[in-house]
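Participant: Chain by chain, the residues run as shown.
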Amino acid sequence: MKTIGILLTAVSAVILFGMAQTASAETLRVGTECTYAPFNYRDENGQLQGYDIDVGNEVGKRIGAEIEWVCQKWDGMIPSLLANKFDLIAASMSITDKRLKSVDFSAPYRVSIGQFIGAKDKKLNLFKADGSVNTAGFSGVRIGLERSTTYEEWIKAKVPSADIAYYDSNEAMYLDLKAGRVDAIMTNPMKAFLRFLSKPDGAGFEVIGPQIAEQEYFGIGVGIALRKDNDALKARISDAIVAMGKDGTLEKFSLKIFPFTIHPLD
Amino acid sequence: MSFDIALIIESVPKMLVGVGITLQLLFLSTLFGTLLAIVTLLMRIGPFRWLRWPAIAYIYFFRGTPMLVQIFVIYYGLAQFEFVRDSFLWPALRVPFWCAIIAFSLNVGAYTAEILRGAVQGVEKGLLEAGSALGLTARQRFIHITTPIAVRLSLPAYGNEIISLMKSTALASTITIFDTMGVARTIMAQTFKPYEVFISAAIIYLVIVWFIQMGIALAERRFGRYMKR
Numbered sequence: 002m003k004t005i006g007i008l009l010t011a012v013s014a015v016i017l018f019g020m021a022q023t024a025s026a027e028t029l030r031v032g033t034e035c036t037y038a039p040f041n042y043r044d045e046n047g048q049l050q051g052y053d054i055d056v057g058n059e060v061g062k063r064i065g066a067e068i069e070w071v072c073q074k075w076d077g078m079i080p081s082l083l084a085n086k087f088d089l090i091a092a093s094m095s096i097t098d099k100r101l102k103s104v105d106f107s108a109p110y111r112v113s114i115g116q117f118i119g120a121k122d123k124k125l126n127l128f129k130a131d132g133s134v135n136t137a138g139f140s141g142v143r144i145g146l147e148r149s150t151t152y153e154e155w156i157k158a159k160v161p162s163a164d165i166a167y168y169d170s171n172e173a174m175y176l177d178l179k180a181g182r183v184d185a186i187m188t189n190p191m192k193a194f195l196r197f198l199s200k201p202d203g204a205g206f207e208v209i210g211p212q213i214a215e216q217e218y219f220g221i222g223v224g225i226a227l228r229k230d231n232d233a234l235k236a237r238i239s240d241a242i243v244a245m246g247k248d249g250t251l252e253k254f255s256l257k258i259f260p261f262t263i264h265p266l267d
Numbered sequence: 074m075s076f077d078i079a080l081i082i083e084s085v086p087k088m089l090v091g092v093g094i095t096l097q098l099l100f101l102s103t104l105f106g107t108l109l110a111i112v113t114l115l116m117r118i119g120p121f122r123w124l125r126w127p128a129i130a131y132i133y134f135f136r137g138t139p140m141l142v143q144i145f146v147i148y149y150g151l152a153q154f155e156f157v158r159d160s161f162l163w164p165a166l167r168v169p170f171w172c173a174i175i176a177f178s179l180n181v182g183a184y185t186a187e188i189l190r191g192a193v194q195g196v197e198k199g200l201l202e203a204g205s206a207l208g209l210t211a212r213q214r215f216i217h218i219t220t221p222i223a224v225r226l227s228l229p230a231y232g233n234e235i236i237s238l239m240k241s242t243a244l245a246s247t248i249t250i251f252d253t254m255g256v257a258r259t260i261m262a263q264t265f266k267p268y269e270v271f272i273s274a275a276i277i278y279l280v281i282v283w284f285i286q287m288g289i290a291l292a293e294r295r296f297g298r299y300m301k302r
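Just so you know, the protein sequences line up as chains A and B, in that order. Heads up: the first sequence begins at 2 in the working numbering, then just goes up one per residue. Heads up: the second sequence begins at 74 in the working numbering, then just goes up one per residue.
Be careful, since some hints might not be right.
Within a straight-line C-alpha distance of at most 20 Å, the following computed EDC-like cross-link-like pairs (lysine to aspartate or glutamate) qualify [unchecked claim]:
no.: 1; chain 1: A; residue 1: Lys102; chain 2: A; residue 2: Glu217
no.: 2; chain 1: A; residue 1: Lys121; chain 2: B; residue 2: Glu155
no.: 3; chain 1: A; residue 1: Lys123; chain 2: B; residue 2: Glu155
no.: 4; chain 1: B; residue 1: Lys87; chain 2: A; residue 2: Glu154
no.: 5; chain 1: A; residue 1: Lys102; chain 2: B; residue 2: Glu269
no.: 6; chain 1: B; residue 1: Lys87; chain 2: A; residue 2: Asp164
no.: 7; chain 1: A; residue 1: Lys99; chain 2: B; residue 2: Asp77
no.: 8; chain 1: B; residue 1: Lys87; chain 2: B; residue 2: Asp77
no.: 9; chain 1: A; residue 1: Lys179; chain 2: B; residue 2: Asp159
no.: 10; chain 1: A; residue 1: Lys229; chain 2: A; residue 2: Asp98
no.: 11; chain 1: A; residue 1: Lys86; chain 2: B; residue 2: Glu269
These are calculated hints, taken from the structure and not from any lab test.
Using the sequences and the hints given, assemble the complete structure.
Facilitator: Here it is, written out as structure tokens:
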């Protein structure tokens, strides 16, 4: 079995290499937010950085395509893909059934989780001791989240009575949390840690309750989205991502940012 | 991608929730903005230089900066300061709705002040001379001759300003307000069908504008009585 596996890998490598040669002129435009640190953002020199960017560039290298990044606001991301403004989305987009109705996804390159963040001195009781949702604790609590994210679907299903404020960016959400316009926000804890909790502005705030990763809402993780009926391209990208997971490339990209890994382990 | 007419029919009623907020934003901002414009006008054309300069500076600032910048300065900018958050203004500034009202009113105030100034200065000199000949004081001339005619003269431009404000209220959706545009953007983000959803929003705005136009036309007829025979 093992030899066959190695043989297959070798063969596919040859095929991929061959494709890389023939398709050297291929350019893939990739949509991303450019404001979603640490996954996709511009550093102080204006260079795109982050996990999505590293993965996208590496995938491009492995399938032999030139990657051209396009910045796009989150709520117009899928419409822009469908309107052919770009060919792929690498923007920390979770794979969900709803999105699969409009677009296809590659294999996941990151796990998806959400968590609440609030002021330490507010003593919010959003969760019971066993980690389950405490609906009563949400009354009178204004929750901030980004429009049309998996967090919105989760909270609407779990706490239909929740008082929600919708934001277009995470930075705006942190500002309003700090200003006291919202009592808690639901967001990605990795990012919130790096951009808010670990900064002076985030002093006085903490994560509330457990990390939430219910597959029903958060899906199997984050993948690269592409228009439907692109199965050949989808397979090439997925193969590249799976290979990157196996050879430690994704782990290397995770550890550039976090003290822990964020890619799917299987 | 196919065109989904059912989604338009489905979206319009959902947006009616947002229409209420849009109309509130429109009505309150027009009211406060117009009051502010009258005060600014009197400062601007009055005899005191120390009142004139603040009015000119205010008009210059609010006409010279994009409305979105003003909204962000008021909503995010002010909230950054501890003393603002501790002040008596915070209960109002904390609420996105009132931040939008403040920004829109200040904007309408600046533009309308200039519209009114143009109208006041457009009142025919002969009429005022006739007023003096009849022995009216400057104050009486302003109240009984200048004001009614200036109101009529300012109406077309003022109607423009209200329509322009109505469309600008869509900017409120950027500070978490659930107005017509806020609802539209949320539906769009859930269905990924911007064309149908924004067409629905456009239809709603067109209906509102139609009513505003009717109102202005009625007012023009009423305040234009003096020109009829």
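Participant: Each hint should be assessed against the structure and marked as holding or not.
Facilitator: Hints and how they fare:
1. For a cut-off of 20 Å, the pair hint linking Lys102(A) to Glu217(A) stands: about 15 Å separates their Cα positions.
2. Straight-line distance between C-alpha atoms of Lys121(A) and Glu155(B) comes to about 18 Å, which keeps the hinted pair within the 20 Å bound.
3. Among the hinted pairs, Lys123(A) with Glu155(B) is consistent with the structure: their alpha-carbon atoms are about 18 Å apart, no more than 20 Å.
4. Taken as a hint, the Lys87(B) and Glu154(A) pair is honoured in the structure, with Cα atoms around 18 Å apart against an allowance of 20 Å.
5. At roughly 17 Å between alpha-carbon atoms, Lys102(A) and Glu269(B) fall within 20 Å of each other, so this suggested pair holds.
6. Restraint check for Lys87(B) and Asp164(A): satisfied, since their Cα atoms lie roughly 18 Å apart, inside the 20 Å limit.
7. The hinted pair formed by Lys99(A) and Asp77(B) meets the criterion: a straight-line CA distance of about 17 Å does not exceed 20 Å.
8. Taking the CA atoms of Lys87(B) and Asp77(B), the gap is near 16 Å; set against the 20 Å cutoff, the hint holds.
9. Our distance criterion of 20 Å between C-alpha atoms is met by Lys179(A) and Asp159(B), whose separation comes to about 13 Å.
10. A hinted pair counts as satisfied when its Cα atoms are at most 20 Å apart, and Lys229(A) with Asp98(A) qualifies at roughly 14 Å.
11. Among the hinted pairs, Lys86(A) with Glu269(B) is consistent with the structure: their alpha-carbon atoms are about 19 Å apart, no more than 20 Å.
Checked against the numbered hints above, the structure breaks none of them.
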